[in-house]
Amino acid sequence: MRPKNLFLCLRFQTISSRLFFEKRFYGIQKSSADEEEFDKLNIMPRMFVKGDREPLAKREALRPQLTPRYNRMPVDQDWNSVWPTAKMFNPSAVPLPVHMGKLKTVSGPKPPPGKFANPELMKVPNFLHLAPPAIKKHCDAIRKFCTPWPQALTDEMCDKYFPLEVITSDYCHASPTIREPKARIITIRIKLSSLDLDYHAKDKLKRILQHRYDPKTDLITIVADKCPLKSQNIDYAKYLLTACFFEAWKTESWESEKEQSDWETFFWEKSPSKASLINYFKKTFQNFNEENFLEKDTVKDYSKSVKNLFDKEENDELLEDYRKNVEKLLFDERL
Amino acid sequence: MYKIGFTKTWNSWNTSNLLDGLRKSETAVEDLFIRKFISGTWHRLFASEVIIKRRANTIIIGGIVVRSILPRKMYFLIGFTEELLSYVLKCNVKMEIQTVESKEELIVKYV
Amino acid sequence: MIVNTGSVSTFTFVSFSIPKFILSSFDYYYRGPTDILKALASTVSRDFTAAHYKYMDDPFLLPSKSVDVVSFTLFAKSSFRAYALSKESGRKAARYFLNTYPELFFRDDAEPKVPAFCYRELYDENTDNTEDDLRDCIANRDVPNCIIAYNNMEAKDVKINPELKQSLLELVCFYNSKEARDEEFLEEEWFQSKKENIVRRTWQDGEFAEQLFDSLPKKDARAYCTLIQGMGKYFQAGKAFKLYEEMKELNYSPTVAVFNYLIENVVFIQESGELRFEMITKLLRDMSQYNLKPNVNTFNAILFVLSRSTGWNKASNIALNTFAEMKLLNVQPSLASYYYLLLVLSSKNNGSNILYEIVREIEGKSFAIKHPADVNFFEYAMHVCCNFLSDVELGYRIHNLLSTGQNHKFFSTAYSEAVYYRNFFSLLCLSESTDTLMDVYNKYVPNIYIPEAKVMQQILQNIELYDTYHYIPQIFSDITTFQLSFRGDLADTVLTLIAKKKHQDENLQKQFVAIAWSLFNTIVERNSNVKIFPLHVKGEMYSKMILIFLNGKDFEKASAVLKYLVKEKPNDPATFIEGQTLKLLCDASLENKMMNTLKQTIDYASVIGCADVIKHIIENNEKYSLSEEFIEKFIQSSNLEAAKEDSSSSESSEPSETSESPDESSDEEK
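Protein chains in written order, with full-length UniProt numbering: chain A, 1 to 335; chain B, 1 to 111; chain C, 1 to 670.
Don't read these hints as lab results, they were simulated from the structure.
Mixed in with the good hints, there may be bad ones.
Straight-line Cα separation of at most 20 Å, EDC-like style, residue types lysine to aspartate or glutamate; simulated pairs [said to hold, decoys possible]: (1) B:Lys94 / C:Glu184; (2) A:Lys182 / B:Glu26; (3) A:Lys87 / B:Glu82; (4) A:Lys115 / B:Glu96; (5) A:Lys115 / B:Glu101; (6) A:Lys115 / C:Asp57; (7) C:Lys443 / A:Asp76; (8) B:Lys73 / C:Glu188; (9) B:Lys94 / C:Glu187; (10) B:Lys73 / B:Glu101; (11) A:Lys136 / C:Glu187; (12) A:Lys110 / B:Glu104; (13) A:Lys87 / C:Asp57; (14) A:Lys137 / C:Glu184; (15) B:Lys103 / A:Glu120; (16) A:Lys87 / C:Glu188.
To list a few chain A residues with every Cβ distance to chain C over 10 Å, as calculated [unchecked claim]: (17) Asp78; (18) Leu128; (19) Thr177; (20) Arg189; (21) Lys191; (22) Thr217; (23) Asp218; (24) Thr221; (25) Ile278; (26) Tyr280; (27) Lys296; (28) Asp297; (29) Lys307; (30) Glu313.
Derived list of chain A stretches under chain B, where covered just means 3 residues or more per stretch with a C-beta under 8 Å from a C-beta of chain B [unchecked claim]: (31) 83-89; (32) 96-104; (33) 117-127; (34) 162-176.
Computed from a predicted structure; not experimentally measured.
Cβ atoms here follow ideal geometry from the backbone N, Cα and C, with glycine treated the same way.
Can you make the complete structure from the sequences, with help from the hints?
So, in structure tokens, the structure goes:
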């Protein structure tokens, strides 16, 4: 039943619209006949009948409109006062011939549409409130809030007196809430050299920190995101740093079990290289004095090149250096 | 064929659509709600699409409206829309509209 | 292998201390949370090309009709008012939905919460209220909820902290036990048609404030002070003074604010100025006994009383003495003090001269509001300046003062702002050249002020005086835009002005023709529409229009006016045109060889009984070298006895034949 009804309804509508059409276009010829007719039954809603009514505002108000206000603007006006904040583009307030959009017709490209009744211009963010003079004014206005950087405080002094760096992030979203989970993540940074450590503690701290220490820049970086709040994470990161620091100063009993494979660097003094060298010279020279021997430059040079070979990446230069030092030691050494 | 983002810009401007934006789905649904609300409240008045821009907790609704009702009534609708949407979305809502005499003024080309 | 590179046993804390020289070089500038925003806002000055930001910035939606108090015609309502109130009523409609269906608005993603966008709960008798509820209500200035919560708590014997009771008493006394006005909706107040300058008793007797006060177990000095201030604010003078006496008996010491309100209320206790002043003196003596120093509001209260007793001959002297006392005590007067002083003195002859001194004193200062009457100063000062002194220099000085800093906010209603500008423009119209006047006009019209019909009239008079007719097209287009054309006799004034003489500048004359033509068209349109009130236009106006068209050598338009009159208003004596104009029209139609119009003119002349028109033609016939025959026919066709008599007395004396067909003359033309 339903579809049929709908169909009927549709047909009825088309008929009635045709009726209106005829009336409007043939009204003049049929006018004499029209007077005799019954009052017409308006089946179509008024708003669907095209041209039947003039715009309401025109009919009722008869209201002459203001001209767009850019016509009244003086040439030397203060633009900052006309357009103080971010606002959608407004053709009646901008005294510029702006065009926006793209038109490609069959007859070829045409100039883009002008500023009136152009929704594209309303959509794009404009920077009319940030003209250079306006920015200059803003800067002048907030200058009084800025404190000059203390002259006495140089970069070196900063490193010395404020070694700890805390990095936090704030996020600004377009949303009703100002919360952002990522804002809790913080980073603290400190130079290893600014901590008061001896060789063992330094080495141990490096081992404790692992990847958090960057030997290239000598920076310790600790990222904390365990706690829900930023300040809690800062406290936590500081606690971690403190804990690592004190842990580094301790020497546990098991640390004595350190082997060559655990060495952070090559210790020639403790290496088999030294032992075999001493051994060799002991056998070669009767009056071998170990202490004097070790003081010699040649020995020191040799030990250095061995150490370099172990610690650094092997290359021709180092090998050449090693060869020279070995030669010196073996052939030039006269005890 | 529309080339949104090339020859025609987006109708919604917000940070949710950016990388790592928050409230993606909520924003989309809210925008849909706003558009439905506008099309119902400003019935047959909007000649352009509804442009929704968000800045911090302010929502700016823009568009081009046909001058088929009295300015007085339009002001009533502005006040009503701004206030009611503020209550619903708990954000400041602002309307920035322009008016045209008829919808035809927006047509830029005939195919 | 054992690695032993450091000793563990000794470790000392290194305390990081920042050297003093670094700390001392920091120069802190204290700033509050909104200080930066305020600083940025200070870079923006007033934009005179834009209306207030509550209006949508669009030519269609910007208001363009003036604030007018008396409104008779259909369009007289100010659109400033209509638009702002429409917007506010829309907002109120939305508020209604929130209050009626709060369950639809519970979804809330906002963080932190915005209380303004949330439903505010209303208590009833069954709610269990705690002290915290009451505290919240007081903080939100929610008087009705406070009263309900308090009553609930009393009924259920919940103990209430006396301190909380005191703050509740302060709240209800301040708001007179009524709901506080909603600061979200202020437009209605701003657009009140007349400023409500109520000085009458509005205190609610026996309402919650008094009940609460009576129920207090121990009434201390603060409670007394609060209630007296509340009563004083709403002018319940009798009770306030009674309480004050009680207070004195109990040996409680009142505050300065109490005395300020009591002094204001003297107006209601005593009738004559002398008695009032006596009572004030007594109160001031009491004040010094309590060791209280008067502040600016004390002096304002004294001046207020004096301004209400201007009949008393000593009032102005005492007002001046009060001001001297103020100076002596180094109390900075507020704008209200000057306003009252001006009120007291301007009632006397020559008293208004004090305005010069006042302006000299406060020139260049930016004021902050301190007293409710502060907002009356500028309106009244301009009124005095315009209507009593008529000194344009002073007017400029007052206006400059208004433009200083944020002083332009010192208007309580749109009405008083309009009155200020009306007086300012009237002053300028009377004493400035049109060029200067138009500079000011272009700055303030239409966004700050839309001139009323009366002011427009004055502007036109100024234009006439200085012979600056080139401004008329602009003024006229504004008159049309502001829909003032047919207010009063503005249209008539415009027409009189431009019909006065023939202008040399052809372009200008063309514009004048366009003005007259648009006025004529409006009249035709309005009078043909049944639904709108018809315009009653006098014949003088039509004749002026014809004159303008003839001056502009636009004969067709001139004849159109005549045609319209003949067709639509043939028998309306009010619309009859002057004979002089008809003569001119005849001349013009002869010159243009438009015999149709000539005939119509003569017909019309005969209808309205202007005999000398035909006489005029005949007299001048040589000029146009008309054939005798033609004149004869002409006279015959006009068929008027008077004309006949006239003609017989002149050269042609042939008896008239039977009238020929009226188409004769047009045939002739062909």
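The hints, checked one at a time:
About 15 Å separates the Cα atoms of Lys94 of chain B and Glu184 of chain C, which keeps this hinted pair within 20 Å; it holds. Restraint check for Lys182 of chain A and Glu26 of chain B: the C-alpha separation of about 19 Å stays at or below 20 Å, so the hint holds. With a C-alpha separation of about 16 Å, the suggested pairing of Lys87 of chain A with Glu82 of chain B holds against the 20 Å cut-off. Proposed proximity of Lys115 of chain A and Glu96 of chain B is supported: the alpha carbons are some 16 Å apart, at most 20 Å.
Taking the CA atoms of Lys115 of chain A and Glu101 of chain B, the gap is near 15 Å; set against the 20 Å cutoff, the hint holds. With a C-alpha separation of about 15 Å, the suggested pair Lys115 of chain A and Asp57 of chain C falls inside the 20 Å cut-off, and the hint holds. For the proposed pair Lys443 of chain C and Asp76 of chain A, the alpha carbon gap of about 13 Å is at most 20 Å, so the pair holds. For the proposed pair Lys73 of chain B and Glu188 of chain C, the alpha carbon gap of about 17 Å is at most 20 Å, so the pair holds.
Of the supplied pair hints, the one linking Lys94 of chain B and Glu187 of chain C holds, its CA atoms being roughly 18 Å apart against a limit of 20 Å. Our distance criterion of 20 Å between C-alpha atoms is met by Lys73 of chain B and Glu101 of chain B, whose separation comes to about 16 Å. With a C-alpha separation of about 36 Å, the suggested pairing of Lys136 of chain A with Glu187 of chain C is violated against the 20 Å cut-off. Our distance criterion of 20 Å between C-alpha atoms is met by Lys110 of chain A and Glu104 of chain B, whose separation comes to about 18 Å.
A hinted pair counts as satisfied when its Cα atoms are at most 20 Å apart, and Lys87 of chain A with Asp57 of chain C qualifies at roughly 11 Å. Of the supplied pair hints, the one linking Lys137 of chain A and Glu184 of chain C is violated, its CA atoms being roughly 32 Å apart against a limit of 20 Å. For the proposed pair Lys103 of chain B and Glu120 of chain A, the alpha carbon gap of about 15 Å is at most 20 Å, so the pair holds. Between Lys87 of chain A and Glu188 of chain C, the direct Cα distance comes to roughly 27 Å. Violation of the 20 Å bound is thereby established for this hinted pair.
Listed as a non-interface residue, Asp78 of chain A fails to keep its Cβ farther than 10 Å from every Cβ of chain C; the least gap is roughly 6 Å. Distance check for Leu128 of chain A against chain C: the nearest CB is about 13 Å away, which clears 10 Å, and the non-interface claim stands. Taking the minimum C-beta to C-beta distance to chain C, about 4 Å, the non-interface status of Thr177 of chain A is violated against the 10 Å cut. Remark: the non-interface label on Arg189 of chain A is consistent with the geometry, its nearest Cβ contact in chain C lying 16 Å away (cut-off 10 Å).
Against the 10 Å criterion, Lys191 of chain A stays outside the reach of chain C, whose nearest CB is about 14 Å from its own CB. With a least CB separation of 22 Å from chain C, Thr217 of chain A remains clear of the 10 Å interface cut-off, as annotated. Once the 10 Å rule is applied to beta carbons, Asp218 of chain A is consistent with being away from chain C; the minimum gap is 18 Å. Listed as a non-interface residue, Thr221 of chain A keeps its Cβ farther than 10 Å from every Cβ of chain C; the least gap is roughly 20 Å.
With 10 Å as the threshold on Cβ separation, the claim that Ile278 of chain A sits away from chain C holds: the shortest Cβ distance comes to roughly 16 Å. The claim that Tyr280 of chain A is not at the interface with chain C holds, since no C-beta of that chain comes within 10 Å of its own (minimum 22 Å). In this structure Lys296 of chain A is separated from chain C by more than 10 Å, as the shortest Cβ-Cβ distance comes to about 24 Å. Distance to chain C confirms Asp297 of chain A as a non-interface residue, since its nearest Cβ pair spans about 25 Å, more than 10 Å.
Distance to chain C confirms Lys307 of chain A as a non-interface residue, since its nearest Cβ pair spans about 16 Å, more than 10 Å. For Glu313 of chain A, the non-interface assignment is confirmed: its Cβ lies about 24 Å from the closest Cβ of chain C, beyond the 10 Å cut-off. Counting residues of the region 83-89 of chain A whose CB lies closer than 8 Å to any CB of chain B gives 3, which reaches the minimum of 3, so the coverage claim holds. Residues of the region 96-104 of chain A with a Cβ under 8 Å from some Cβ of chain B number 3, which satisfies the need for three, so the listed coverage holds.
Counting residues of the region 117-127 of chain A whose beta carbon lies closer than 8 Å to any beta carbon of chain B gives 7, which reaches the threshold of three, so the coverage claim holds. With 5 residues having a Cβ less than 8 Å from any Cβ of chain B, the region 162-176 of chain A passes the three-residue criterion, so the hint holds.
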